[in-house]
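When you get a sec, could you build the whole thing from the sequences and use the hints?
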Amino acid sequence: MATIKLQDLWKHYGEVQAVRGINLDIAHNEFVALVGPSGCGKTTTLRMIAGLEDITGGMVQIGDRVVNEVPPKDRDIAMVFQNYALYPHMSVYQNMSFGLRIRKTSKEEIDRRVQNAADILNIGELLERRPKQLSGGQRQRVAMGRAIVRDPVVFLFDEPLSNLDAKLRVQMRTEIKKIHQRVQTTVVYVTHDQIEAMTLADRIVVMNNGVIEQVGTPDEMYSNPRTHFVASFIGSPSMNFTPCNLTKTAGGLAVRLNDDISLPVPEERAARYASYADKEMIFGIRPEHVTERRQHANGAQQDIDANVNVLEPMGIDTMVFFSLGPTEICARAEPSAVSNVGESMGFTVNMDKMHLIDPSTDAVV
Amino acid sequence: MVTATEVGGAATSPPLTFRSRLRRSVGPDTDGYFFVLPTVIIVFCLIIYPFGLAVWYSVSNAFIGEETHFIGLENFQYIIFEDDIFMLTVRNTLLFAAISVVVKVVLGLLCAMLLLRILKLRRFLRGAMLLPFVAPTALTTLAWWLILDPTYSHINWLFEHAWPFSLFDMGPYNFLGEPTLALSSVIFVNIWRGLPFFIITILAGLVSIPDHLYEAADIDGASTMDKFWKITLPLLRPVLAVIILFSTIFTLADFNIVYVLTRGGPMNETHLFATYSFTAGVLNHEIGLGAAIALFLFPIMVLTVIFLLRLVRRDSEYEL
Ligand SMILES: Nc1ncnc2c1ncn2[C@@H]1O[C@H](COP(=O)(O)OP(=O)(O)OP(=O)(O)O)[C@@H](O)[C@H]1O
Ligand SMILES: [Mg+2]
Numbered sequence: 098m099a100t101i102k103l104q105d106l107w108k109h110y111g112e113v114q115a116v117r118g119i120n121l122d123i124a125h126n127e128f129v130a131l132v133g134p135s136g137c138g139k140t141t142t143l144r145m146i147a148g149l150e151d152i153t154g155g156m157v158q159i160g161d162r163v164v165n166e167v168p169p170k171d172r173d174i175a176m177v178f179q180n181y182a183l184y185p186h187m188s189v190y191q192n193m194s195f196g197l198r199i200r201k202t203s204k205e206e207i208d209r210r211v212q213n214a215a216d217i218l219n220i221g222e223l224l225e226r227r228p229k230q231l232s233g234g235q236r237q238r239v240a241m242g243r244a245i246v247r248d249p250v251v252f253l254f255d256e257p258l259s260n261l262d263a264k265l266r267v268q269m270r271t272e273i274k275k276i277h278q279r280v281q282t283t284v285v286y287v288t289h290d291q292i293e294a295m296t297l298a299d300r301i302v303v304m305n306n307g308v309i310e311q312v313g314t315p316d317e318m319y320s321n322p323r324t325h326f327v328a329s330f331i332g333s334p335s336m337n338f339t340p341c342n343l344t345k346t347a348g349g350l351a352v353r354l355n356d357d358i359s360l361p362v363p364e365e366r367a368a369r370y371a372s373y374a375d376k377e378m379i380f381g382i383r384p385e386h387v388t389e390r391r392q393h394a395n396g397a398q399q400d401i402d403a404n405v406n407v408l409e410p411m412g413i414d415t416m417v418f419f420s421l422g423p424t425e426i427c428a429r430a431e432p433s434a435v436s437n438v439g440e441s442m443g444f445t446v447n448m449d450k451m452h453l454i455d456p457s458t459d460a461v462v
Numbered sequence: 045m046v047t048a049t050e051v052g053g054a055a056t057s058p059p060l061t062f063r064s065r066l067r068r069s070v071g072p073d074t075d076g077y078f079f080v081l082p083t084v085i086i087v088f089c090l091i092i093y094p095f096g097l098a099v100w101y102s103v104s105n106a107f108i109g110e111e112t113h114f115i116g117l118e119n120f121q122y123i124i125f126e127d128d129i130f131m132l133t134v135r136n137t138l139l140f141a142a143i144s145v146v147v148k149v150v151l152g153l154l155c156a157m158l159l160l161r162i163l164k165l166r167r168f169l170r171g172a173m174l175l176p177f178v179a180p181t182a183l184t185t186l187a188w189w190l191i192l193d194p195t196y197s198h199i200n201w202l203f204e205h206a207w208p209f210s211l212f213d214m215g216p217y218n219f220l221g222e223p224t225l226a227l228s229s230v231i232f233v234n235i236w237r238g239l240p241f242f243i244i245t246i247l248a249g250l251v252s253i254p255d256h257l258y259e260a261a262d263i264d265g266a267s268t269m270d271k272f273w274k275i276t277l278p279l280l281r282p283v284l285a286v287i288i289l290f291s292t293i294f295t296l297a298d299f300n301i302v303y304v305l306t307r308g309g310p311m312n313e314t315h316l317f318a319t320y321s322f323t324a325g326v327l328n329h330e331i332g333l334g335a336a337i338a339l340f341l342f343p344i345m346v347l348t349v350i351f352l353l354r355l356v357r358r359d360s361e362y363e364l
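Order-wise, the sequence lines are chains A and B. Every letter in the first sequence is one number past the one before it in the working numbering, and letter 89, counting from 1, is 186. Every letter in the second sequence is one number past the one before it in the working numbering, and letter 89, counting from 1, is 133.
These are computed hints drawn from the structure, not numbers from a lab. Among the hints, a few may not be true.
In silico DSS-like links for lysine-lysine, alpha-carbon gap of 27 Å or less [to be verified]:
# : chain 1 : residue 1 : chain 2 : residue 2
1 : A       : Lys201    : B       : Lys164
2 : A       : Lys264    : A       : Lys275
3 : A       : Lys170    : B       : Lys274
4 : A       : Lys264    : A       : Lys102
5 : A       : Lys170    : B       : Lys271
6 : B       : Lys271    : A       : Lys229
7 : A       : Lys274    : A       : Lys264
8 : A       : Lys204    : B       : Lys271
9 : A       : Lys229    : A       : Lys204
Over 10 Å on every C-beta distance to chain B, these chain A residues come out as not near it, computed from the model [what the hints assert, rightly or not]:
#  : residue
10 : Arg117
11 : Gly118
12 : Asp171
13 : His186
14 : Glu206
15 : Gln212
16 : Leu261
17 : Lys275
18 : Glu377
19 : Cys427
Glycine included, each C-beta is placed from N, C-alpha and C at the ideal position.
Structure representation (structure tokens):
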């Protein structure tokens, strides 16, 4: 059983506190993605799990074993590095079999495992080549092959796709997902690309500034972000935020954006927001929940009108930017329903999907 | 560039100038040849001409102050079949080069890996280590001569007076007067002098091996020894081959150390090609013989170089 448990994990580099007290439980065969902006401590966390970095404080447990003092080679893990770290003087076959040869695995067994991994990864033809003679995508596969042949209990990936071009990245993303379905293991996958995290992971861990902001399934992260940071980080294009005032009205509560626009809060949320009445808050709404004028499904939809500032056609949808008070809002509209730039357009805001953030704590309430 | 007139229109083309004829025969970039001309002249004067002269002397009976005649391979016949000292010289040179290069490689690797890991005093140690290499050889060898001299030897003094050496009944040794000790001393000083070059070059090679390869190996389960034999050494091979090549050439042709320390003595037991050739050709005025001795080194060097170059070239094509 390869569970991973991180308990109050700290890492200092001299003055720099790269990781500040992380707690995380990863289940057997779970695919967990660590996401966050550059410098938030993802790599550092991963390297502490791998044993490549000393732990300043706290505990790392793999399976039933506390591995704080266990060297990487005895942790039964495999890691795919961002730059692949293939041995330049060895052929693909030698690269993949290196770990097995070190462990004195029998020749037949090595052959069998390398062939098997090569089949999974579709690199059977490349086994005699040197890393230099491979394309980026092929190197990436070899790096994964080197991890797969070892049949480790834990797979660690550090931004394995970030050196690939956009198209190949999408393709490899699917490959990784397929491979995980075939080769069941526990995976910790570091990326700063939230789409990669959303599509691959069973659970996503959003990190910021060395701490975990939120852990949850991709769905949870998308629909119920718990902090301002997570709300802004997950989703593409990212959520719109605009300052507002939560006012009491005859019917309940309303989000007052400016003198002209006040959007009533759906009834079922009124109780939740009651204690924030009359306070300055931040109103958040995703672009896909601000659409062209549509028929209302229930009482939660609200109509507003605004002048179109910028249009960004994406094919299936068009992103429409318009000003709302001090901020610019991005809406996602049906291309046929979009007005020209400068002209007025009607939008429908789905208040069922709204988020309200308390600026004093940055928490989503 | 080949222009249309040059290719097709021979009838209308103007008479060929020197430059355009040159261009026809050597290609478009004639200027390049003028740029290399100074080097060619220097190489000819300083290398090709003396080499040719040496070849001529080696098949002649050149003797200072006398007329020179062609005598065929007599000089070679003499040194190969009749000259005991020459045989000793061949043995010495091969021993000298083999031992000192091997020891320098091993010690160089060890010291370079130590220096890579040392964090304190790093700059100082790296600088200090270079001293034997940058100080003039003649001068430092003189110092060694003094240290090893039977009368003034510091080492013998230490063996006699300094604890704990004084507990054992060692020495005094005649470092430069006894054949085996003398050859050992010469080899030792050569190693002392050549080691810094190995250390600094190997260190540069080590620094260029990226850390992530070792991390990947760590995760693959490699021990420290595995990492050394399977990562460090193979990746250092191009660097090692080049310095072994250079060092072998310079060690085979070494002159200073032997000349200053022993002058080939005792009883011509420590001669190398260079010192023996100098003794025969310059000190004994038998220039023809000296040239033959020196030339004998040539095929040995060529073979060594070919062997080592093949070693370097053999699939060392990879980028880090
Ligand atoms: N060896 C080191 N010495 C000092 N500081 C370091 C070291 N390695 C990382 N840091 C610091 O620790 C913090 C976290 O770094 P880390 O590499 O974990 O970020 P990351 O989340 O992986 O970012 P990225 O997405 O850019 O890879 C950063 O502020 C970084 O500057
Ligand atoms: Mg990183």
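Status of each hint after checking the structure:
no.	hint	verdict
1	Lys201/A to Lys164/B	violated (38 Å)
2	Lys264/A to Lys275/A	holds (17 Å)
3	Lys170/A to Lys274/B	holds (16 Å)
4	Lys264/A to Lys102/A	violated (35 Å)
5	Lys170/A to Lys271/B	holds (12 Å)
6	Lys271/B to Lys229/A	holds (21 Å)
7	Lys274/A to Lys264/A	holds (16 Å)
8	Lys204/A to Lys271/B	holds (21 Å)
9	Lys229/A to Lys204/A	holds (26 Å)
10	Arg117	holds (24 Å)
11	Gly118	holds (25 Å)
12	Asp171	violated (8 Å)
13	His186	violated (5 Å)
14	Glu206	holds (15 Å)
15	Gln212	holds (19 Å)
16	Leu261	holds (18 Å)
17	Lys275	holds (24 Å)
18	Glu377	holds (49 Å)
19	Cys427	holds (40 Å)
Hint compliance for this structure: hints 1, 4, 12 and 13 are broken, all remaining hints hold.
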